[in-house]
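Protein chains: 2
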Amino acid sequence: MTVAASTQYRTFIDDLARSESGRLLHSELGRRWPETSDQLTEIARYALLPAGKLLRPLMTLHAAEAVGGEPSEVLSAALGMEYLHVATLVHDDIIDADALRRGRPAVPTAYGIPNAIVAGDHLIFSAFAALADEPRLPQDRVAAAVAVLAEAGRDLCRGQMLEAQLVDNLEAGGRWYAEMIRLKTGALFRAVCHIGALLGGAEPDAAAALASYGEHVGVAFQIRDDLLFYTATAEQTGKPAGSDLHNGRPTLPLLLCYDAAAEPDRQRLLTVLERRAAGDNAKWVRELVISTGAVNSARDRMREHIARAHAQLAVLPPSPSVNVLSGIAHWTTSEDS
Amino acid sequence: MTVAASTQYRTFIDDLARSESGRLLHSELGRRWPETSDQLTEIARYALLPAGKLLRPLMTLHAAEAVGGEPSEVLSAALGMEYLHVATLVHDDIIDADALRRGRPAVPTAYGIPNAIVAGDHLIFSAFAALADEPRLPQDRVAAAVAVLAEAGRDLCRGQMLEAQLVDNLEAGGRWYAEMIRLKTGALFRAVCHIGALLGGAEPDAAAALASYGEHVGVAFQIRDDLLFYTATAEQTGKPAGSDLHNGRPTLPLLLCYDAAAEPDRQRLLTVLERRAAGDNAKWVRELVISTGAVNSARDRMREHIARAHAQLAVLPPSPSVNVLSGIAHWTTSEDS
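Chains as they are written, first to last, in this note's numbering: chain A, 1 to 337; chain B, 338 to 674.
In isolation and in its complexed conformation, chain A is listed as follows (with noise of 0.2 Å):
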């Protein structure tokens, strides 16, 4: 991609958060969850505003749009992934004892690690609760939507365990890497998008392809998260630089060093990753993941999956909706936003 290409879907997506649908979002987030005295709606306020790009809500409005949907009828249900989606941060942050998140300190830091398990599981519920929270639906479209993110959400759940298998085993991580970020990052991307789909009234065929379609922009999302570290920097991702190395985690691009690189800088790189010594030794990993092509090849792989989930979209009608979709999929390809 060129970077007035670059340049124009960054613009697409900040336009995109003051849309209608975007600016009806954020208003109706927070409407949802008041400045109050109450320390529950006070955590998830916390962890859930100010909202970010509101990325799987807006996915979910349009993909509802893309076959017919009424938006409106759609946003309590959209709401709910932005939900879901913070209650597996804020409980990631604990497991990965993350103090950051966005810049300022994440919840179990802000709040200590009981507060931040319940505050997680309420933001799960609270998920479930707005899923089911639009008596203008037909309540069968509802319960299909309810079965798609109790699965999403048992997927999601797979894939945490799988990473927690594989931190420090490179070898492994080769095998199961699409597995996991399958699991990790694309089980909810999916559901977000086949979730909108089924509250539309899609057809069977275009729920299909939108799910599909939002499973390929997770996994090229996760990439490009895992490209981060040797592309932006710490400033841009909110994280402190080499959070990565320092937790062992196999991400896409060491995972393709360590197969394309020579034997000592395999032991080497195995050696960092396993001290959990990143400090001195990251600008070393970052220039051996660039050097042995590792950031080109995970590029690549980022850009199939886009041209899948493009594909996927070929077989909705053109309306304004799938646009959104697929200028959404171009940005994921965009590393400087």
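Hints are computed from structural coordinates only; laboratory data are not their basis. Owing to the predicted nature of the structure, the values given are computational and were not obtained by experimental measurement. We put the CB at the ideal spot given by N, CA and C, even for glycine. Treat each hint with caution, since some may be false.
[What the hints assert, rightly or not] Some chain B residues near chain A, calculated using beta-carbon distances under 10 Å: (1) I432; (2) I454; (3) F462; (4) A466; (5) D470; (6) P475; (7) D477; (8) V479; (9) D492; (10) A501.
Fit chain B to the supplied structure of chain A, relying on the hints for placement.
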């Protein structure tokens, strides 16, 4: 209750576990969580099996049957109630740092805190998956049941938060105790019966009566649990004696004792709680709670809730399932099982 009646209800609950519905629940639970090399399933099995009385699933089944529902159609949802209950135990054992559960290592002790967080989440998602997993049911009933379970889950979290805020606070505890156990324990029992009623096709009046029955049984059940320290051995509870004293939790007998005690005893009670120094003082606390009449007062309150639970059942047409629900309410007041 006389000794004879108490023995009768202990027999009743054992018989219930061996009844057709009890055996069906037990065998289906084992079938759905088989032995496997998958770590998430292994932890779920460890947490769920060997199953206890499966009180909540039995209540769901019999609530459904009491309003004319077909038990086999409610089986999956009934098991889901156990998943949610056990999920809260797994997360509670992290929060309370309880090392033992049912007389063996609790999940966080056996598998570590990160795995316990994920396993609890997985059981929550599995509860909703189980609820949405019966195509024979009218799907509007399923959607209504999801809304009830999600709200109950949110209440559980509120109750958990409230309990944490009341630790060591016997003054505020007295004011907030009823609300806390309504949220912490009453809400899930309420949902368990409400969901059975909804899935069984209950009319609104019958559904409301069964929901209210469940809440009163749940509240009575929590008071019974609070009383166990004063009436049962560690062997019977599966928890170290005095663990409530160790974590400063405000139980009803303690709160009533604090209300009734003379000033020097009140001060000593506060000091014992704050120092988490139950060991030598456990016997003194136990005797004070009994001598101030707090055990009897708590028991009276428990029986009031059971009487109100029975009153709710009176609106339903007589049936074997109503008899079972009535028996469960009676059993709750028997403290020796």
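We went through each hint and held it up to the structure:
no.: 1; hint: I432; verdict: holds (4 Å)
no.: 2; hint: I454; verdict: holds (5 Å)
no.: 3; hint: F462; verdict: holds (3 Å)
no.: 4; hint: A466; verdict: holds (4 Å)
no.: 5; hint: D470; verdict: holds (7 Å)
no.: 6; hint: P475; verdict: holds (8 Å)
no.: 7; hint: D477; verdict: holds (4 Å)
no.: 8; hint: V479; verdict: holds (4 Å)
no.: 9; hint: D492; verdict: holds (9 Å)
no.: 10; hint: A501; verdict: holds (7 Å)
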